[in-house]
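Trainee: Chains A and B, in that order, give the protein sequences. Counting from 0, one number per residue, gives the positions in the first sequence under numbering that gives the first Met the number 0. Counting from 0, one number per residue, gives the positions in the second sequence under numbering that gives the first Met the number 0.
Keep in mind the hints are simulated off the structure, nothing from the lab. Take these hints with a grain of salt, some might be off.
Claimed, not checked - Covered by chain B, per the in silico footprint, the following chain A stretches (three or more residues, Cβ under 8 Å):
{"#": "1", "stretch": "21 to 31"}
{"#": "2", "stretch": "39 to 48"}
{"#": "3", "stretch": "92 to 101"}
Stated by the list, open to error - Simulated pairs of lysine to any residue, SDA-like, Cα-Cα distance not exceeding 20 Å:
{"#": "4", "chain 1": "B", "residue 1": "130", "chain 2": "B", "residue 2": "96"}
{"#": "5", "chain 1": "A", "residue 1": "38", "chain 2": "B", "residue 2": "104"}
{"#": "6", "chain 1": "A", "residue 1": "117", "chain 2": "B", "residue 2": "96"}
Virtual Cβ for every residue (Gly too), placed ideally from N, Cα, C.
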Amino acid sequence: MDIEAFIRQEQAKLNAHLPRERITLAEALNASEPYVELKNGGRHYFDKKELDLLATALPKDWHSSLRLPMLIRIDRKLGSGTAKLVGLEARVAAKVLNKNESDELILYRPEIMSLRRKLPTTTEYLFVP
Amino acid sequence: MATALGVAPTRMELIKLRRRIALAQKGHDLLREKMDALIMEFFGILREIEDVRKNALESLSKAFGQLSICQAEIGTIETLQAAREMKRDVTLRIQTRYLMGVSVPHVEIDQDKKAPLPGYSIHGTSAVLDKATAAFVQALAHLVKLAELEAAAYALARELERTKRRVNALEHVLIPRLQQMIKFIQSRLDEIERENFTRLKRIKAILERRHQ
Chain A
0 MDIEAFIRQE QAKLNAHLPR ERITLAEALN ASEPYVELKN GGRHYFDKKE LDLLATALPK
60 DWHSSLRLPM LIRIDRKLGS GTAKLVGLEA RVAAKVLNKN ESDELILYRP EIMSLRRKLP
120 TTTEYLFVP
Chain B
0 MATALGVAPT RMELIKLRRR IALAQKGHDL LREKMDALIM EFFGILREIE DVRKNALESL
60 SKAFGQLSIC QAEIGTIETL QAAREMKRDV TLRIQTRYLM GVSVPHVEID QDKKAPLPGY
120 SIHGTSAVLD KATAAFVQAL AHLVKLAELE AAAYALAREL ERTKRRVNAL EHVLIPRLQQ
180 MIKFIQSRLD EIERENFTRL KRIKAILERR HQ
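If we strip away everything but chain B, and leave its shape as in the complex, we get (with noise of 0.2 Å):
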């Protein structure tokens, strides 16, 4: 069995054995108090990502919406015509963020070119279409929002696995490991105590014969 431990039954080994279960209990309370914070973050990021969910679809469709009263007002060619001469550049800037120790990204639309003028001409087209244009406009804003918080979900989540595996790691094989080490070596020095303690009566037992 000592081999199959792989541990010596000595007392040295036993004081060794419990220094180290203190410290892997130790690891396991803080990478759990880890866990419970991730998830805290986690469940965070969800609730806002159903919210900008919602803004999103909400401005789409009524972009959409703005988008077909434009083509029925001013006619599809005239409308997919101005969209060729829209401005698309769109600046993004990305910048890294820290949730838990997790590196997120933090997507902003640069507000200099937010709102650019439209590049398509004034003649031939109606109000309606630079309504259609906000709209869009502002359902992009959205739309960056959403995918921001979705790759901060995505790292968050991979983490949450991580952890959750090194916790599970500590918590069912580590820790059980080393107290059947310890249960182990206990047992043994216990049997060595008994042994010496039934020799020790064995011995005085004789030398009482012989003396008697």
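Chain A on its own, in the form it takes in the complex (with noise of 0.2 Å):
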């Protein structure tokens, strides 16, 4: 195979686990089972406990402009081991972190793990090209 078609393939396979189009908290909150349609064609269902828990940690008018999964952005600009993530979802992550919220939150991998850990289906991992 061609070194460019074969890494070009393996670029499109690094994202091929993102949704088509992301839901509300509010939405996945008022569905019977919450998923997710993905690119790859699969559905990805969201932990109704991790939804409870997201909904109690935030205010109510964020429910309605969070969207699900939020994306934890793999750039390799940033660094080995370095995740970024932006908008509401930064702040989100911040206060599930106890951290100081602010518009784009770096995180190291000790701190990736941890969000993980907490949010294992509402957070999904973005590899930016």
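Join the two chains, each given in its own frame, into one complex according to the hints.
Mentor: Laid out in structure tokens, this is it:
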């Protein structure tokens, strides 16, 4: 196989697990079986306990603007083992991790692990090409 | 050598190869990031498995202890009879979840049927049997969770192996091969440049000689 085709194929596969369209926390809370359709055709279900945890931890006006799953952006420009969250997702992650709230949150490996342990189904990795 | 490496020593090819190596490096970095994230998830699950396995073993030990007490109190045959009369239907809800793009099952015992009526007669049995039943139901929940986590760990391990193979292929085969090709073209181009330089020098010397 051509090297370029192989690498492009691998890069495409990296983000195949991302949803076609994200849903809001409010929509997920109202659904009987909250899930999102993925680019690879699969379905990713959210844990109801996790949604309840988010619902109680966050102010009500955030429920209709927070989109799930929250994306942990792995950008190679940031260096190895570093990830970034932006916007409201950064504020939510900061709240969950007891950090200072800001519109951009840089996380390092132990913090990523901690966030993933607390929110395993409502967070997902995004590999920035 | 040009045929062995399958590359023509031209500037155009050099530019193409440089572009290709940059792409390969980018792909390698991304796959390495994925591998690191997979390792993180994998070890997280392993730690969780440890805890759940400990809980499952404790609850099973407790359940079998209760069963022994029950057998001693109401008799082995009566306990066996009650076990035969038990309603054993357990409904499991299996959903898919994605961990780093790896599909893993999420198994839940249906809440409505989690604590059904035991099915055996109250007459002739004792509260110890109820306790044993409850302990086994609890142990079942731990076992289901353990099965879910172990399936996730296996799926992640398979994906980890696959990703590692790709990272290694890029790191030890593709990128070095491209670097070797670039090195070859550069040395060939340098050689051509040197040849041209000496040729020009020689022509200049011949022309000067002719003028004299």
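Trainee: Each hint needs a verdict: does it hold in this structure or not?
Mentor: Quick rundown of the hints versus the structure:
no., hint, verdict
1, 21 to 31, "violated (count 0)"
2, 39 to 48, "holds (count 6)"
3, 92 to 101, "violated (count 0)"
4, 130/B x 96/B, "violated, 34 Å"
5, 38/A x 104/B, "holds, 18 Å"
6, 117/A x 96/B, "holds, 15 Å"
In the structure shown, a violation is registered for the earlier hints numbered 1, 3, 4, in ascending order.
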